[in-house]
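Peer 1: Listed below are the residues making up each chain.
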Amino acid sequence: MPDQIYDVVVVGSGAGGGTLSARLANLGANVLVLEGGPKVNTRTDFNTHALPYEFPFRHIPTMKPGKPGYDGERSRGIGGKTMLWNAVALRFSQRDFKGRQHDGAGEDWPIDYAELAPYYDRIEREVGVCGNYDHLEDLPDGIFLPPVPLKCTDIAIQKGAAKLGIPVIHVRKATLTRAARTRPACHFCGNCMSGCDVVAKYNSADVHMFPALKTNKLTLRQNSIVYDLAVSDQARVNEVRYFDRETRAEGVARGRVVVVACACAQSVALLLMSKSSRFPTGLGNSSGQLGKNFIPHINAGFEVFMQDFIGKPSVNDEGFLDHAYIPSFMHARKRDYPRSFGIQFNYQNHRAVGWARSVKGMGKSYKESIKARYPAYLTFSPYQEMLPNAESYIDLDTENLDEYGLPRARRHWQLSDSDWKLHNDMKRWCRAILESSNAQIHTESSHPTTNHEIGGCRMGNDPKTSVLDAFCRSHDVPNLYVVDASVFPSSSEKNPTLTIMALASRTADHIAGRLQKREV
Amino acid sequence: MASYSSDRRSVLKIIGAIGATCAYPFAGDELYAQATGAEAHQHTPQPHRRFFNDADFQLISRIADLIIPETGTPSASGAGVPEYIDMMIARNTDQQLVVADGLRWLDAEAKRQGGSGFLDLPEQKQTAILEPLCELADQGNTRRRARNVQFFALIKALTADGYYTSKIGLIDELGYKGNTALGSFPDCVHEH
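Taken in sequence, the protein lines are chains A and B. Quick note: the first sequence uses my numbering, first residue 1, plus one each step. Quick note: the second sequence uses my numbering, first residue 521, plus one each step.
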């Protein structure tokens, strides 16, 4: 059906694309989703329950033999990164949307918390988020399933942090702690990030898109790698050009509206690749801001042994990885830098004992030392908000093409003096919490690293300083939208996914309204 | 050397990686190398070896057993670690050079101490040769690390990786109990 014109063509099927396409299909729009990777069955295709000794090199491959997907940078599979995520689901707070008003640095969002709150509500109802009602000013409560008890080692950290006046709360995750109509509750096997084979943990394929197929309004096209969005004379996207991941056969899709949701850097790369005489530096880039304002979360990391647990019997506390969370506390304290950090910890999986090689000694005492420390080991990873700066951006590496002959997205990032102050203070606080919890630091990161990719295609009210408007719509191209973390004008220190989904849901409603009014 | 010398930094990098971008933090390619095959690991010594000759294989087995000896559970060689080391070294030419130099040094050192080879020395003397290397290796990766220290650090790292990813190491020795289904997650009932 090459001539069919869909109401909406969505590029990508992860948290943003999956949420938005299911919502639109349920509202009656004809939706085509183009996903670069294959369809992956979370019940059968991942090595969820494998153990290292089943493999000669002891490395557990993500996929079972012969199952494609999740092996390259560009193509993953239907469901995107939600198939393997850790499911931490936090609401941003008013401060996160209006950081500039709060401390004079960075950029404000064109929307505020009250605007997004109903969509957070909707998403939490749709996917199921567990958590405790903590009544924190800076981490709004949501609609929660019951939280999971803290691990024994979490309680030790909680007591240590409490001595410094720092609260440790139950983590909030999009994982069911009570069975839902079509999904069982979590059974705490601890292998969440190797694929959840019962879908107790949210993924966009099984929770959003596959159920929406019943509307007969949603078409899923797997293995379709989009490489160009072509524009008409009226500056509208009129062709979504893709090729088949396996056969390389080319195809074209058409939609009244086109939504890009390929996960931050890949979305930016697609827009940068979509050059035309009208947009010579990338689609919708009249502001020159496309690719700029890349603000990934910046991590530090510790491996520690909880000394009160050294020599204790080994217990099964895999749970669903981390059960606790240390929310931002610096935003309310006196400091000489803007913004703040949060801490995820105790999320290791005990199938892997990579730290054993760096324990000192040899012989019987070495072997005993590792056994004694096994129940006491945990990871402790703080991560901070960074502010946009001129040296942090995404561009295309045209020298270094990927296996499909497409330029790779290249990430550049540098910390400013202010980011470094925050980073060093973050590590100081971590050492203080760990010391107060009687934890022995085994290793400590020597350099900052990035994890969640954010920014590069930011929203804003001013078309000169932003790429998208307050509805994630291109200022330049009236039928082009982006829904993933690339649109965030500021990153917060909180995990981005729940906010991506809330924004996607809101954008879906907005698009449905425009379709109904025949504006597009 | 390049490949091994980056290991410690890689480990530190992995520590930082959480959330969606990392499958799970301590089982990355950096630690266990990449695998594509799916043949099950065998605990019985494999007749086919990929890199070591018999004499070198015995030496490596002895060193691995001095690092992880038999206690209530089997030693490194009892858990198939020498076969694992053989397989890993066979894929890495830099490491092959480090091992060749290390084994030559070990032989010379044993002869200097009056033995005909390392394996002929009493355990006490074997340990006395290796422990100073271990102490230097444990100081972490420094650029100017002597070749014999590099050698020991490499064998120790592979021995630890191989042992604690084996069924004997992970299940019998450490008592890994995950990967099971629980009806509910238990409250902590300990006094802390």
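What the hints contain is simulated information worked out from the structure, not anything from laboratory work. From a predicted model like this one, the values you see are computed outputs, not experimental measurements. You may find that some hints are simply not true.
Simulated pairs of lysine to aspartate or glutamate, EDC-like, Cα-Cα distance not exceeding 16 angstroms [to be verified]: (1) A:Lys360 / B:Glu643; (2) A:Lys364 / B:Glu643; (3) B:Lys687 / A:Glu115; (4) A:Lys217 / A:Asp7; (5) A:Lys64 / A:Glu54; (6) A:Lys81 / A:Asp197; (7) A:Lys360 / B:Asp621.
Here are some, though not all, of the chain B residues that point toward chain A, as calculated from beta-carbon distances under 10 angstroms [unchecked claim]: (8) His568; (9) Thr613; (10) Gln616; (11) Leu617; (12) Leu623; (13) Arg624; (14) Gly637; (15) Leu639; (16) Leu641; (17) Leu650; (18) Glu655; (19) Val669; (20) Lys676; (21) Gly689; (22) Glu693.
Don't be surprised by glycine CBs; every beta carbon is placed ideally from N, CA and C.
Peer 1: Can you verify the interface hint for Gly637 (chain B): is its Cβ closer than 10 angstroms to any Cβ in chain A?
Peer 2: 20 angstroms, violated
Peer 1: Regarding the hint that Lys676 (chain B) lies at the interface with chain A, is the smallest CB-CB distance below 10 angstroms?
Peer 2: With Cβ-Cβ at 7 angstroms, under 10 angstroms, it holds.
Peer 1: With a cut-off of 10 angstroms, does the beta carbon of Val669 (chain B) approach a beta carbon of chain A closely enough for the hint to hold?
Peer 2: 13 angstroms, violated
Peer 1: Report holds or violated for the interface hint on Leu623 (chain B), using the least CB-CB distance to chain A and a cut-off of 10 angstroms.
Peer 2: 18 angstroms, violated
Peer 1: A closest beta-carbon separation below 10 angstroms is what the hint needs, so does Glu693 (chain B) meet it against chain A?
Peer 2: Status holds, d = 6 angstroms.
Peer 1: Would the hint on Glu655 (chain B) be counted as holding, given a Cβ-Cβ threshold of 10 angstroms to chain A?
Peer 2: With a minimum Cβ separation of about 8 angstroms from chain A (threshold 10 angstroms), the hint on Glu655 (chain B) holds.
Peer 1: Going straight from one Cα to the other, do Lys217 (chain A) and Asp7 (chain A) come out at no more than 16 angstroms?
Peer 2: Status holds; Cα separation ~10 angstroms.
Peer 1: Does the CB of Arg624 (chain B) sit less than 10 angstroms away from some CB of chain A?
Peer 2: With Cβ-Cβ at 21 angstroms, over 10 angstroms, it is violated.
Peer 1: Was the hint right that Gln616 (chain B) lines chain A, CB cutoff 10 angstroms?
Peer 2: 17 angstroms, violated
Peer 1: Let's test the interface hint: is any C-beta of chain A closer than 10 angstroms to that of Gly689 (chain B)?
Peer 2: 8 angstroms, holds
Peer 1: Let me know if the C-beta of Leu641 (chain B) comes in closer than 10 angstroms to any C-beta of chain A, holds or violated.
Peer 2: 16 angstroms, violated
Peer 1: Minimum Cβ distance from His568 (chain B) to chain A below 10 angstroms?
Peer 2: Violated. Min distance 12 angstroms.
This entry does not satisfy hints 1, 3, 7, 8, 9, 10, 11, 12, 13, 14, 15, 16 and 19, going by the numbered hints stated previously.
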